[in-house]
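Which chain is which? The protein sequence lines are Z, P, B and G, in order.
Note that this note's numbering gives residue 176 to position 176 of the first sequence, counting from 1, and the numbers run on in steps of one.
Note that this note's numbering gives residue 1455 to position 455 of the second sequence, counting from 1, and the numbers run on in steps of one.
Note that this note's numbering gives residue 2296 to position 296 of the third sequence, counting from 1, and the numbers run on in steps of one.
Note that this note's numbering gives residue 3302 to position 302 of the fourth sequence, counting from 1, and the numbers run on in steps of one.
No lab work stands behind these hints: they were computed from the structure.
Positions of the beta carbon are idealized from the N, C-alpha and C atoms, including for glycine.
Warning: the hint list may mix true and false statements.
Said to hold, decoys possible - Pairwise CB distance ranges (calculated):
no. : chain 1 : residue 1 : chain 2 : residue 2 : range
1   : Z       : Y65       : P       : S1072     : 38 to 44 Å
2   : B       : K2356     : Z       : Y65       : 47 to 53 Å
3   : P       : A1387     : B       : K2356     : 32 to 38 Å
4   : B       : V2216     : G       : K3080     : 40 to 46 Å
5   : Z       : P286      : G       : D3152     : 25 to 31 Å
6   : B       : V2216     : Z       : A163      : 52 to 58 Å
7   : P       : D1092     : B       : I2213     : 38 to 44 Å
8   : Z       : A83       : G       : K3032     : 47 to 53 Å
9   : G       : K3031     : B       : H2043     : 25 to 31 Å
Claimed, not checked - Not everything, but these chain P residues come out facing chain B in the computed CB check (under 10 Å):
no. : residue
10  : G1351
11  : L1364
12  : H1369
13  : W1374
14  : F1379
Now for the letters of each chain:
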Amino acid sequence: MTFEDLHLGSIVVSTVRNAPVLLFAAMAGLFAERSGVIDIGLEGKILASAFVSAAVAFTTQNPWYGILAGIAVSVVIALLQGAIAITQKGNQLVAGIAINIAMSGLTFVVAQYFFQQGGRTPDLGEARLGEVVLPGSAAVADVPVLGWIWTQLLGGHTVLVYAAFALVPLVHWVLYHTRFGLRLRACGENPHAADAAGVSVERTRYLAMLIAGVLCSFSGAYLAIVQSGFFLRDMSAGAGYLALTAMVFGNWRPFYTFLGCLMFGFFGAVQIQLEGVDLPVVGRIPGALIQMVPYVVTVIVLAGLMAKSVAPKAIGVPFVKSR
Amino acid sequence: MQPAVEFRGISKHFGAVKANTDVSFTVAKGAIHGLVGENGAGKSTLMSILYGYYQADGGDILLDGQVRQIRSSQEAIRLGIGMVHQHFMLVDNMTVLDNVMLGTEGGFRLASHRAEAEAKLREICARYRLDVDPLATIHDLSVGVQQRVEILKQIYRSANILILDEPTAVLTAQETESLFEILKLFKEQGKTIILITHKLQEIMDITDTVTVMRAGRVVGAVETARTSKEELANMMVGRPIENNLPRAPYSPGKPVLEVKGLQLKDNTGVSLLDDIDFTLRAGEIVAIAGVSGNGQSELMEILSGMRLPTAGSADFEGKPLPFKRHDPDGLPLVFRDLGIAHVPEDRLRDGVVKNFSVMQNTFLGYQDHIKGRWGLFDFKRIAERCAGLLKEFDVRPPNPDLRIGLLSGGNQQKVVIAREVLAKPKLMLVGQPTRGVDIGTIEAIHTQLLALRDAGVAILLVSVELEEVRALADRILVMCGGRITGELPINEFDTTRIGLLMGGTHKS
Amino acid sequence: MTTNDLPRWATAVALPLLNLLSALLVAALVIHLLGEDPVESMHILINSAVVNPEGLSYTLFYASTFVFTGLAVSLAMHAGLFNIGAEGQMYLGGLGITIAMLAFDATLPWYLLIPAGMLGAALFGALWAFVPGYLQAKRGSHIVVTTIMFNYIASQLMNFVIVKFLIPAGEQNTASRVFSQAAEMPRLSDWFPVLGDTPLNVSFFLAIIALVIYGVMVSRSSWGYKLRAVGLNKHAAHYAGVKISAMIVVTMLISGALAGLGAVNSIMGSTHYLSLNFVGGAGFIGIAIALMGRQHPVGIFLSAVLFGALTQGGFDLSLEKPNIPPEMVIFIQGLIILFCGAMEYLYAPVLAKLLKGKQA
Amino acid sequence: ADPKLGIVYDAGGKFDKSFNQSAFEGASRFKKDTGINFIEVQASSDTQAEQVLRGLARKKLDLIASIGFAQTQAVQKVAKEFPNVRFVLIDGVAQGNNVNSVTFKEEEGSYLVGVAGALASRTKKLGFIGGIDIPLIRTFACGYAQGAKSVDKKAEIVQNMVGTTAAAWNDPAKGGELARSQFERGVDVVFAVAGGSGMGTLQMAKEKGKLAIGVDSNQNHLYPGTMLTSMVKRVDNAVYDSFMQMKNGTWKAGVTAKGLKEGGVDWALDANNRKLITPEIEKKVLGARKDIIDGKIKVIDIRTGAACPA
Ligand SMILES: Nc1ncnc2c1ncn2[C@@H]1O[C@H](COP(=O)(O)OP(=O)(O)OP(=O)(O)O)[C@@H](O)[C@H]1O
Ligand SMILES: Nc1ncnc2c1ncn2[C@@H]1O[C@H](COP(=O)(O)OP(=O)(O)OP(=O)(O)O)[C@@H](O)[C@H]1O
Ligand SMILES: [Mg+2]
Ligand SMILES: [Mg+2]
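Work the whole structure out from these sequences, hints included.
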């Protein structure tokens, strides 16, 4: 295989297809953190919703019930996190990490108890989400370029992929062009100011956590119901942390965060294609080293281009009323 | 006529602290009512109860004769109460417009209400002659303008009762004046204003009635016209306040600091300091007067090693100060070791670590000087020294283990000043030493600074308070636009002339 | 949430105990749902983790590693740096040991070899923390992100190095060769046979010493004072003359070195070879320990022992109770962190009310 | 009396969809056939492996089966301490005259599926997806490549590894994504040696209508129609046999390398993939099988230090 064999088209499509897991989670994190609550517990929520949505989808043989159940669980966890961060005024980092660890254990235990397959759910089979075939796909399928764009790049994905991409402008709109967004940002920046202006910081933050719970659940559902077709222990494999990274990378702004997610997807796809390829000059790079590509690139980009990320000022600080 | 606000037997305690005890007084509709008292007297607590932040342990609040339960700021806002907090309640990275709209957006979609709000805001600005750009971002604005934004917020919400907690603490004389103009306009419209301030002159200038608090209780309520500053001060502190503190005759020694052609440009190339030259001698206090934001802060930062000049030099005791090339990291320690002490302007940001105890804050910057055996802290010695310091400088409460963040601003300031004084410096840089501090404490701080001067220390004082400048300085430098626009000895003190120089009229 | 109203013993002892009990109660509920006897299970857990001397010895063995990773995270936390990279730093520390051993274990006597291994561990751990520290100090690159990235990079690098260079020819096991006996940390069971044949070794004392040094340095030295000032208020630290960039870099170097030293217990104290993924999450547990222990040496020690006990007791539990998979322990760990670390004041209002009622 | 038996899984756990699970199945079959029970434990770290082996040895077990090469050192050490306890180590070689080390000639079985794959492939591009880049997995890959190239010298092998941490065995999304990417590059037969991640690969093949080859146990039943075959590695038999020998008193220490000849590895042909295996494929694969058993074909084992010829 040679360098020319890199399939750019396939890289792009793969980027698009891999983005939703990170995208949903990163947008979830965005809501939580812009409201001032650190959400290091994305990983746990992804895992819990992945398990529950797979389990319910399998049991009911209906992916939509699975997704709904996943939402419910993820929301419950997010609200628990909210209760700790907002009402209890506990340590938000600890809460997030605790949730990640607890979910990693609990999903296995419960899955094992119900399905007896080593913490795996049975194959969903028909209970997975189908791919959307755009109208006219058959007609253009053989047209060069256009056919590829229509059937593979734009078409041929599940609805969740479209939802994930549509989410970015939506989140942007909510954040910057609605009352809720204004209040949310104020709570994350200076909750005392929001409070003095008559905004209920608690309610705003709870709402943000609720939204975070809902969005995060799609990440898990996508992983289980779309990408894999079953649940497997620890299947989130660090996606929550990567989403968090993308968000920090994107300076807590939806569009840049989106770029961060795409960057991980893109370099992940490039890395897949680079494995075993003879590159000019360097020759064949060992697989383990090629796997570094997305991470090394992130560090370089962070160090070189986007120095100084500025977190919402009040992030992680419990809001205590006082002047 | 019904009073606008009536407090009836309000009590509030925090743990063992009785912040308010049986506080009762009334505020007449359409009046400007002053509220004065020492730091920690309970003024802010009382206002916070009125604004719904705290619930009183006992007592009632009556608005227009009706008992009201105010459980949250939302309810207070609904009842037409507005509050301008001492620490601005603004979201730094948002525009003025967004800050004003926050909480009263008008609907879910901002876009459909923004234009309307902006028009209304511009109209208010015009009517009240407030010069504020609605689309400017808060962190680009000076404190004075931020203050105006706070006022704007209240006008926008058409608050009928306006609480201002030490609004003038960070304002210049001109800014204060224009604030008072607005308050008078308010009053004409029949609105009620409660004004907290430590500056008794302001009380005399603008209020109709005044309530004095001490240790959580009301100790006096008078009509302003029938009282005097001296009487108020006496009521507040429980003893007369000395206006003219004794000082040794002016006999400056050898030059301690010679600043030569100091320049500073920010990274966009804008000049912040330009060609600063002056000399400071042992045993004199030189005050830099000027509207804040004209380079005084930067000058102090450079002289204390916190910031590097882009050009120029400064000799300290005949030797040039060792400015580094690129990075001021660590430089303040070098300067301090030379004998330069610094009371920073923004004490909460630079001067103290809020989450350290009072004791730990008494050696911030001098941490390397207090090593005992093994190079470790000798806590016994530190504690002894700290106890002495708290006593000598009358820090209240004199509890060394309290987080300093829990001390009132005035007492925090006493700790900072004590720390710097006890370092026995040769040069003392003092920025806004009495901001937000009550008159009793001001007296104490001024006494300390004068004693230092009399002991032969050179003091460079930055203050926007002309009263303070007059009380302390031997010589006055006036700064404007990053330049020194004039110099005059204290016996030629002249408010009008200084005002002109501060406005930029060049050396005459 | 105010604890002002509570006496010291209540916040220091009663609340943590109540929280621990709550966590165990939830765990017991799940165990009951799985069809096992919770009381018996708890009995097994406690018996095998602390009562039985051999079990206790294993508990302390695991705790020794956790103390180091916990210290690594705690120290950085004091400077306001959230070092998520202890996992990777410890992994690299293992490489440092291995290089020292491969080079010297045939020639040096034990009293030189062990310090050499420790030096290698500290050096490589520090090295791996240096880049994120430097980037944070000089470029403002968010340390959380860079340390997460460096964990991934570490595992890829180590995979490469072990497979390519360290596996002895003809061996299956993805591990280096076994080091010579001179490189073994002396075991405590050599002096206290009651501990049984367990890997508990002098690293445990090293951990205690590290805790003491950490405690003294952080709260009684001017360096520690500056460290905390940087973490609490950078402006004031600058005012106080602290070289902030240098402080950040140095703190990360020490933090990385501490994480690296965690490998000493695992490798020189137990396995005597470097293997793929030998860290096994100890770095992440370090985060939990630092947070739960409030970065206080005593707190770190207690948390480390608690997690050591869970590792050991949970292992025996799953051994004796086939219906309770090892993952159950992970869940219990999460619960304990949740209750003791995040919801620490859950019972404060209740307790305050109870106490008040008594006084009145 | 019945022998007292134990089995120790490595960090992957007994449901790893790989050799641990296979061992578990072998032990379970033994239990079903003989009614003799066994103790099972999972050792999550090398330290724990030693701890648990010692613990079981103290309980005076007769035979302990240690699954996975990660337990090599632990077995070697504990076996020395307890000369009366017998050990069988799967996938690794430990010294000791109370240890039976069982390794597999994965390269031989992989060779066969490589042959089948190359014959079934239209594009002559074959995919290989491994869990982690370690010698064991490379052995599969190399045997597979040798088999494929024996059919068609120009056959191309595209190889990817899922990751570098334990998570790499549990990442079906990545396993599927790698497969998809390989398919897009023209691959039409993929061999997955990645534990749980491989499940994603097999499933993706089914979705895309490509062929997949399973591993360890016979996975043909998972997706009949797209499962070309499976490279079975009879860890289950090794455990079963060992237990049985213990029961019958014929157990012997030593080192056994189980290849095609010994029934340690093989390809799987059953009703589920009958339709996909054309007579030509069957003939060629069986031919190669015979040649390997007869020693006419030598499949290179890269673990001996040899370079992979393909
Ligand atoms: N949140 C609180 N918790 C505990 N004690 C408090 C709190 N707020 C105020 N106090 C106590 O109440 C007293 C009154 O404080 P308050 O802020 O009302 O004083 P003040 O008159 O506004 O002082 P200043 O002039 O410095 O602003 C203080 O001495 C303080 O000890
Ligand atoms: N959480 C708290 N606990 C105890 N006392 C508090 C608390 N917060 C504030 N206080 C008290 O409230 C009083 C006022 O505090 P604040 O922070 O408003 O300072 P301040 O006096 O307003 O400062 P300034 O000098 O700038 O006017 C202080 O006496 C302080 O002791
Ligand atoms: Mg106040
Ligand atoms: Mg005040």
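Verification of the hints:
1. In this structure the supplied range 38 to 44 Å holds for Y65/Z paired with S1072/P, their Cβ-Cβ distance being about 40 Å.
2. Checked against the hint of 47 to 53 Å, the C-beta distance between K2356/B and Y65/Z comes to roughly 49 Å, which is consistent with it.
3. Separation of A1387/P from K2356/B is about 33 Å and conforms to the stated range, judged on CB atoms against 32 to 38 Å.
4. Checking the proposed 40 to 46 Å range against V2216/B and K3080/G shows it holds: the Cβ atoms sit about 44 Å from each other.
5. Roughly 27 Å separates the CB atoms of P286/Z and D3152/G, a value that falls within the hinted 25 to 31 Å.
6. Evaluation of the 52 to 58 Å hint for V2216/B and A163/Z yields a pass: the beta carbon distance comes to about 55 Å.
7. Here the CB-CB span from D1092/P to I2213/B is close to 41 Å, well matched to the stated 38 to 44 Å.
8. At roughly 49 Å, the beta carbons of A83/Z and K3032/G sit within the given window of 47 to 53 Å.
9. Checked against the hint of 25 to 31 Å, the C-beta distance between K3031/G and H2043/B comes to roughly 28 Å, which is consistent with it.
10. Hint on G1351/P holds. Least Cβ distance to chain B is approximately 7 Å, under the 10 Å limit.
11. Given the 10 Å rule on beta carbons, the hint for L1364/P holds: about 5 Å separates it from the nearest Cβ of chain B.
12. The interface hint given for H1369/P is met, as the beta carbon of that residue sits about 9 Å from the closest beta carbon of chain B, less than 10 Å.
13. The beta carbon of W1374/P is positioned within 10 Å of a beta carbon in chain B (closest approach about 9 Å), and the interface hint is therefore held.
14. Hint status for F1379/P relative to chain B: holds, with the closest Cβ pair at about 7 Å, below 10 Å.
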